[in-house]
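> Below, each chain spelled out in residue letters.
4 protein chains.
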Amino acid sequence: MNVNYEECLQACLECLEACNRCYDACLGEENVKMMADCIRLDRECADICAYTAQAITRNSPFVKEIMELCAKICETCEEECDKHDHEHCKQCAEACRKCAEACKKAVA
Amino acid sequence: MNVNYEECLQACLECLEACNRCYDACLGEENVKMMADCIRLDRECADICAYTAQAITRNSPFVKEIMELCAKICETCEEECDKHDHEHCKQCAEACRKCAEACKKAVA
Amino acid sequence: MNVNYEECLQACLECLEACNRCYDACLGEENVKMMADCIRLDRECADICAYTAQAITRNSPFVKEIMELCAKICETCEEECDKHDHEHCKQCAEACRKCAEACKKAVA
Amino acid sequence: MNVNYEECLQACLECLEACNRCYDACLGEENVKMMADCIRLDRECADICAYTAQAITRNSPFVKEIMELCAKICETCEEECDKHDHEHCKQCAEACRKCAEACKKAVA
Numbered sequence: 001m002n003v004n005y006e007e008c009l010q011a012c013l014e015c016l017e018a019c020n021r022c023y024d025a026c027l028g029e030e031n032v033k034m035m036a037d038c039i040r041l042d043r044e045c046a047d048i049c050a051y052t053a054q055a056i057t058r059n060s061p062f063v064k065e066i067m068e069l070c071a072k073i074c075e076t077c078e079e080e081c082d083k084h085d086h087e088h089c090k091q092c093a094e095a096c097r098k099c100a101e102a103c104k105k106a107v108a
Numbered sequence: 001m002n003v004n005y006e007e008c009l010q011a012c013l014e015c016l017e018a019c020n021r022c023y024d025a026c027l028g029e030e031n032v033k034m035m036a037d038c039i040r041l042d043r044e045c046a047d048i049c050a051y052t053a054q055a056i057t058r059n060s061p062f063v064k065e066i067m068e069l070c071a072k073i074c075e076t077c078e079e080e081c082d083k084h085d086h087e088h089c090k091q092c093a094e095a096c097r098k099c100a101e102a103c104k105k106a107v108a
Numbered sequence: 001m002n003v004n005y006e007e008c009l010q011a012c013l014e015c016l017e018a019c020n021r022c023y024d025a026c027l028g029e030e031n032v033k034m035m036a037d038c039i040r041l042d043r044e045c046a047d048i049c050a051y052t053a054q055a056i057t058r059n060s061p062f063v064k065e066i067m068e069l070c071a072k073i074c075e076t077c078e079e080e081c082d083k084h085d086h087e088h089c090k091q092c093a094e095a096c097r098k099c100a101e102a103c104k105k106a107v108a
Numbered sequence: 001m002n003v004n005y006e007e008c009l010q011a012c013l014e015c016l017e018a019c020n021r022c023y024d025a026c027l028g029e030e031n032v033k034m035m036a037d038c039i040r041l042d043r044e045c046a047d048i049c050a051y052t053a054q055a056i057t058r059n060s061p062f063v064k065e066i067m068e069l070c071a072k073i074c075e076t077c078e079e080e081c082d083k084h085d086h087e088h089c090k091q092c093a094e095a096c097r098k099c100a101e102a103c104k105k106a107v108a
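Residue numbers (this note's numbering), protein chains in the order written: chain S, 1 to 108; chain B, 1 to 108; chain C, 1 to 108; chain H, 1 to 108.
Excised from the complex, chain S in its bound form (with noise of 0.2 Å):
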């Protein structure tokens, strides 16, 4: 596997990883109204990514497609988590932004 693919996978599990751990403490936040677009962003990222990963790994024929709707996606999360202070929105945060350059290097 081509070098930017190996590492938009990686990228992906790892994105994968931080928005759902992100959907969990936001789901358990004393102010879960604040963070209602947060978790919805959050499943909406990493469903991408489970999905992506398992585009690359599978030799889909539609895998640039499916890597640019990863990487607007993984940029939407990632605006929406800025906004937070919390520190798994942070973590998620830099996990968005790596996983959206990672998916347009590959497409590229």
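To be clear, the hints were calculated from the coordinates, so they are not data collected in a lab.
The C-beta atom is built at its ideal place from N, Cα and C for all residues, glycine as well.
One should not assume that every hint holds.
To be clear about the criterion: a stretch of chain H counts as covered by chain S if any three or more of its residues have a C-beta under 8 Å from a C-beta of chain S, and this derived list gives those stretches [to be verified]:
(1) 2 to 16
(2) 20 to 32
(3) 50 to 61
Since chain S is already given, all that's left is putting chains B, C and H on it; use the hints.
Just chains B, C and H, lined up with the frame of chain S:
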């Protein structure tokens, strides 16, 4: 396909829809904190219903074990939704109840 | 829910079923080698249909982008299934055609 | 996160990758018919590993039941891959064996 499997498939697809609608509505409720467990279980239940629908239609060798897990998750989601008065929770609880029953009938 | 989204959801669920049945049947054909691309595309298409059904029902902020991807994958799967005379391929091609159309109508 | 869960997560991600690579390679083998069961089980196993990775990271209330199912599917996929001499089957069988073990240790 066996008629019980056909019924189980339809019940899974309806439950997937009801759970995701309940999830979306819960995230928009005034009191999101009160709905945190419901949000979590709606996602769990929508995901296992999608998984079970895939397993039934692709003739998975593990379809019975997957249906058993689906029944269990549906029952837990039903219990949680039954605690709330929102119309989306009532509809979700009913879809979960039917899906759990259909899974158990298909496994029997 | 918007009527075009409702139609798209139903088309996705029918396409998911047709693709997985075709996948299962292809794996049991005498000449599996001839069906290799069909098996691969059936899985791709069943997976994006399941993904799109989840996105529609949970009111995903990315639903239009996901529908566009779904339309593209459905069209590719339809083209492949159209090459074969098996009844399961014909049914799958028809479900893919309808799903691609419904996705494009919902996005428009 | 508990160290056994962390190990299980890593084993699931490696197994997902190995199963999908084996699936892709099997579809390109000269004798695809001989690999039909392997193709089918690779998809089953990749999907449950992706599902289990999601369950672990989002702190699913059903994580143990999901790990038990994952262990069972991994063992069945390992048995099938063990019948073949292809390098991708050997690697897949090894990843399945490790993943089944990690799931059982995490559940214990």
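> If a hint holds in the structure, say so; if it does not, say that too.
Now the hints, each set against the structure:
Proximity of the segment 2 to 16 of chain H to chain S, defined as three or more residues with a beta carbon under 8 Å from a beta carbon of that chain, is established by the 3 residues found. Residues of the segment 20 to 32 of chain H lying with their CB closer than 8 Å to a CB of chain S number 4, which satisfies the three-residue condition for coverage. Evaluation of the coverage hint for the segment 50 to 61 of chain H: fulfilled, as 6 residues show C-beta separations to chain S shorter than 8 Å, against a requirement of three.
Violated hints are absent here; each numbered hint is respected by the structure.
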